[in-house]
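Protein chains: 2
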Amino acid sequence: MELTLDHIRNAADRIRGIAYPTPILTSEALNNRVGAEVFLKAEIFQRAGAFKFRGAYNATASLTREEQQQGFAAASSGNHGQGLALSAKLLGTNATILMPSNAPQAKIDAIKGYGGEVVLYDRYRENRDALQAEITRSRNAITISAYDNFGVMAGAGTVALEMLEEVPDLDEIIIPVSGGGLSAGCATAAQGIRPQIEIWGAEPTLANDTQRSLASGVRERQEIPKSIADGLLVPTPGELTFPINQKRLAGIRLATDEEIVEAMRFLFLQMKIVVEPSGAIGLATLLNAPRRERKTKIGLVLTGGNVDLPRFCELLA
Amino acid sequence: MELTLDHIRNAADRIRGIAYPTPILTSEALNNRVGAEVFLKAEIFQRAGAFKFRGAYNATASLTREEQQQGFAAASSGNHGQGLALSAKLLGTNATILMPSNAPQAKIDAIKGYGGEVVLYDRYRENRDALQAEITRSRNAITISAYDNFGVMAGAGTVALEMLEEVPDLDEIIIPVSGGGLSAGCATAAQGIRPQIEIWGAEPTLANDTQRSLASGVRERQEIPKSIADGLLVPTPGELTFPINQKRLAGIRLATDEEIVEAMRFLFLQMKIVVEPSGAIGLATLLNAPRRERKTKIGLVLTGGNVDLPRFCELLA
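Chains as they are written, first to last, in our numbering: chain A, 1466 to 1782; chain B, 1466 to 1782.
For the record, the hints were derived by calculation from the structure and aren't laboratory data.
Bear in mind the structure is a predicted one, so any value in this text is a computation, not a measurement.
Please note that the accuracy of each hint is not assured.
Claimed, not checked - Label-pair distances were calculated between CB atoms; the ranges are: (1) B/1721 / A/1577: 26 to 32 angstroms; (2) A/1493 / B/1686: 25 to 31 angstroms; (3) A/1494 / B/1486: 16 to 22 angstroms; (4) B/1584 / A/1687: 52 to 58 angstroms; (5) A/1566 / B/1580: 33 to 39 angstroms; (6) A/1567 / B/1557: 21 to 27 angstroms; (7) A/1478 / B/1580: 48 to 54 angstroms; (8) B/1580 / A/1469: 30 to 36 angstroms.
In this text, a Cβ means the ideal position worked out from N, Cα and C, and glycines have one as well.
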């Protein structure tokens, strides 16, 4: 199977009226600083606070009624779990989410708020995949990977579809990369519409598994790193997403934790919005790059806004 | 002179393409909690971070070129000062802003960033009006009151014009009240279009000068109170605004500082936006009111988002 623009257009039809078409924000101060026109796709305003709802809903709404009744399961640092728990609620079924015990409390609480069941594990000591397999087996649930799933990728790709509807002449889009589902979906959508567009990934300097994998040509595995970008800490690129990203991405840009915090501060003070560390990494790469010389139109996905207040203030104040 | 819907429509023409038409945000979680449909007019995204730019620009762009060249002056807790400094910059002239020395640093810095001159005074000890008169005299500047000015009121009223364009069947609008310019302008605009709409003011419990003045029928004066709502601390309602508010407001609702903080926390966690204390007071009155029984459409103005990060975290964390 190959992911195509048609899959993403079908996903857009499926989530219409259920996921929000989020706004694109702009800032004169930002344009002046970067030396380009920057368009921020604010998925912080998406249902469940992140773009993940698009993919989770698209993937689960595509299942048969019988499959849906088995319930869903996923391992998630939080945002996919929220999207999946809300999808389960909307579809009249249940979801079990395996989460790192140090995931933000806001994310854990939100999943429970949607009626989801949360199982916590130690991200640095326990084997996520084995635990996940056991949950799926014991509950006879359908596992919905946070990224390695064509329905999830297609749903995520609707982000780029909306961006190009509103700003058709974007020259590039910068996308946070973890498992690689958002970049795979958005690159497929965007290059399907506008072949010359450049899609760049953004990773934490200390969690650059996709950058290293693109360089070596094979999926490199890393120890789970300790970046503040809690949504970007997978051990290795997705099996299904990596070949797509290999084919489509122009490359990966990196940002340190300090640069991510600087971007979060800019978004708070200049734009009055709350973006979680993982969601601010694209802007972080841009703020710390040399000022652009030519007039470029750059799209950026602010992927989510689910961050605890104490954590936010600990990082920024 | 009487403020009319025509003044506000003219102001809308004057600021078009210069002030932003800000978005209206909604939240299922909020609607469920309040028991009504709530529409949040996000003036936090306005230029200079607050609705005040609308009035400042409208008032100053209406002046003759000669008057503009004299420069502007105002006493302001910050947001009007920012709006006026930015207006001066756009009109190629200068502005001097008299500010309380305990105004948020973000507001002071922003005024200077627009090229404005800041003069600080002690809000609790010095006489603002005397200082202001001295600044105006020594600089031969044109004073632009933050509220007691028909051009400022008309510009502020464009907020309600935009709200009713987008949601024509609003039943009520809740508006933070300080000097009373925003409520006077918005009430005039809204009731000009939709006579039956109710306009409610919101004041800090400890700074309820307009509530007491409406009750007594005369402009009551208070000691400057110490609410966290730094934008709502005037000693008495405006001379020009009060008769309009007296005629048009359904009443005033109050919120404590603790309730304001709760509203700011809700806006951060649920809606991913940054609203300053004065801007969150309308929501604070709503979150703490009894749950509505009938289906009502309520508009709320989130007036500004200019708050320092350390202050924000001190209040909320």
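We went through each hint and held it up to the structure:
1. B/1721 / A/1577: 26 to 32 angstroms: holds, 30 angstroms
2. A/1493 / B/1686: 25 to 31 angstroms: violated, 40 angstroms
3. A/1494 / B/1486: 16 to 22 angstroms: holds, 19 angstroms
4. B/1584 / A/1687: 52 to 58 angstroms: This hint holds: roughly 56 angstroms between Cβ atoms.
5. A/1566 / B/1580: 33 to 39 angstroms: violated, 51 angstroms
6. A/1567 / B/1557: 21 to 27 angstroms: violated, 54 angstroms
7. A/1478 / B/1580: 48 to 54 angstroms: Given about 50 angstroms between the Cβ atoms, the range holds.
8. B/1580 / A/1469: 30 to 36 angstroms: Given a distance of about 53 angstroms, which is not inside 30 to 36 angstroms, the answer is violated.
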